[in-house]
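Peer 1: Line order of the protein sequences matches chains C and F. Quick note on the numbering used here: the first sequence kicks off at 1 and runs consecutively. Quick note on the numbering used here: the second sequence kicks off at 1 and runs consecutively.
Derived by calculation from the structure, the hints in this document are not laboratory data. Be aware that a few hints might be false.
Heads up, the list lumps identical chains together, so a pair's fine if it works in one copy or across two of them.
[As the list claims (entries may be wrong)] Below 27 Å or equal to it, Euclidean Cα-Cα: the simulated BS3-like pairs (lysine-lysine) are: (1) 65 x 342; (2) 188 x 214; (3) 30 x 372.
2 protein chains.
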Amino acid sequence: MAVNFPSIEASQLHAVPGVELGWAEANIRKPNRKDVLVMRLAAGSTVSGVFTTNRFCAAPVTVCKEHLAAHAGIRALVVNTGNANAGTGEPGMLATRATCDALAKLLSVSSNQILPFSTGVILEPLPVDRLVAGLPQAIANLAPAHWFEAAQSIMTTDTLPKAASRQIVIDGQTIVLTGVSKGAGMIKPNMATMLGFVGTNARVAQPVLDALVKYVADRSFNAITIDGDTSTNDSFIVAATGQTELPEIASTDTPAFAAFRDALLSISQELAQLIVRDGEGATKFITVTVEGGRDVAECRQIAYAIGHSPLVKTAFFASDPNLGRILAAIGYAGVNDLDVSKIDLYLDDVLVARAGGRNADYREEDGQRVMKQSEITVRVVLGRGDAAATLWTCDLSHDYVSINADYRS
Amino acid sequence: MAVNFPSIEASQLHAVPGVELGWAEANIRKPNRKDVLVMRLAAGSTVSGVFTTNRFCAAPVTVCKEHLAAHAGIRALVVNTGNANAGTGEPGMLATRATCDALAKLLSVSSNQILPFSTGVILEPLPVDRLVAGLPQAIANLAPAHWFEAAQSIMTTDTLPKAASRQIVIDGQTIVLTGVSKGAGMIKPNMATMLGFVGTNARVAQPVLDALVKYVADRSFNAITIDGDTSTNDSFIVAATGQTELPEIASTDTPAFAAFRDALLSISQELAQLIVRDGEGATKFITVTVEGGRDVAECRQIAYAIGHSPLVKTAFFASDPNLGRILAAIGYAGVNDLDVSKIDLYLDDVLVARAGGRNADYREEDGQRVMKQSEITVRVVLGRGDAAATLWTCDLSHDYVSINADYRS
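Take the sequences, apply the hints, and build the full model.
Peer 2: The structure is reproduced here in structure tokens:
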């Protein structure tokens, strides 16, 4: 059911010097599937991340923040699927710490050099013994070439593994960026999404990487929604190993910074959009652009109202140009001083509403033509400023209901 | 598919002295259905209403507010289904004014004594000629006994007509309250819902009625949600004809006021809950209560996050106690200083989570037992204050998608 999902071959994913990946079949929830990933980083790597703002954030999210704040030099990430370790209270914290301790011992590093991640069902105890028992297998098959298997190892309701890769040349040096992501439901990232990991061999100063991760997250993972449900486990991590002759990127006003930023944004947007293309039950990939706003916040607010409306999403599913539903969503988005008589609405190139009312030249068959496409852009022009925002989302189909009515059973 | 929807017989609906109702088959969108309602009020009636806060509010909503503000004495309501007359710009305003003018002429009153209402598809021109042509038929069959037919005349995707009636005795005088409502999708009223009309023979002073309508709307129509989509046309109107020997209710500190307020709240809650019971595709009726909050606003915010979560709603549809999804919704509701370690979660009488984590005594089969019921209460105890709020909602099923993918076609 995925929408124009690109064919991803293991051979397209460039190895990143300084990053090795290994998996285990640890039987966390179901047998015979890759459900644990270990990503080992070379000494000297710079790592930065952003995490969910959900107040019921998972135990591993809390521990990740602690370990990043310790600045001990992150040496490995460990991810399990099948269980989110969220809503699990103190036992959940102990399970996450035990996981970090076990992996640290196996890799001869300290526990606060490990970043832990979990994804799966909320409110169930993490089977930490099975997870720890799987770590030796994951370490045994660590290799730089295993990005595709890494993408497979973090899937839950994903139907396809999600990965992307870039190679750019800066000042004669080849910089590689390769990343993986997962997610198909409970997707309305609010800081980042569960889970996005990008590795690069660039050498990037910590404050520069911290700022870059936020910049990129806001324009990629924080600009997608499937169902409006912000996960308890969202995490987006960039690891820069510095395995290159290119000098450290230590300031934001150099051409090298700009080239790296653009490549990181590009790969992050691709990884985020792959999540939407594989959205639970998705049959359409929808881009919502809101322009002419007073500030980005109000543009995003209106874009999310459209992107979350079950009525708008089912109309896309049906290819039905019932476009008044989009006006209704704009109207209830909560921008209280909105003058609707200044608003234009486009569906791709078709001007549907002009100055707040139906465009006299709009013909139903033009709307119908666009609605039948698998990729559609909704463009709202507010006419009250210069700010803009873009959101990527999908439709709401029968399969979304089926998938989420069946997820645990 | 409606959930425990009561059997409503025309004979149960008490006539309200001073209110007559008549309908027409005006062919607004489809032939052979009642699609126009006229409700005539006796001279001297007091009328008050609340309306949608959607910025794309429909032309009739704008005109209703104008006519109520004119204080000319409302003498009739006119409602059409099949077309919302929203997103229709200036032509929509002209169509609504033409409707009021035509009805005013037929009833020998002035145009600003008419309140107009529309419900149906947004962004399509109102066929005002057909609407006006139907008015004589509606006037010809005006009668006090026609509340059931009135409920039928305002249905859109409703599967059942919605009406309720109360008779109370105050100071030896019989006071009647009878009302109708409609709505099954695009339901997250924000002031009131499209459409609720209550008539009563009580005599109520205008400022008292104005305050009462807001009080009641917040505890009935403003406490339901189906899909989170706030309609462009929501309207809730109470008309008090004063056709009684009971003295005017002119202050809020009398036993008569309290008795009338309680009866009005009771009938309004019933009418609002009928909308949820007939929610598009609904198979479960869910009560969400959030207690122990600092203020009502934060309790409502959390209740809506739960009530709108597609993941929570599909879990109810599946009778799957995947209750971590409720914790996730609480966590992303936007109450930023929430201490989750103080939160308890109950499903009916089952304590699922205690102090922010899974209750050690919770057994899956207890959750399963409650989830299988057709009526379920979710109770969240925040442990940070004395405020509380209640919301009524339904699940998200395949039929919701089918209904909204097919609505216009």
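Peer 1: So, for every hint listed, does it hold in this structure?
Peer 2: The hints, checked one at a time:
no.: 1; hint: 65 x 342; in the structure: between (45 Å within a copy, 22 Å between copies)
no.: 2; hint: 188 x 214; in the structure: within (16 Å within a copy, 34 Å between copies)
no.: 3; hint: 30 x 372; in the structure: between (38 Å within a copy, 25 Å between copies)
The structure agrees with every numbered hint stated previously.
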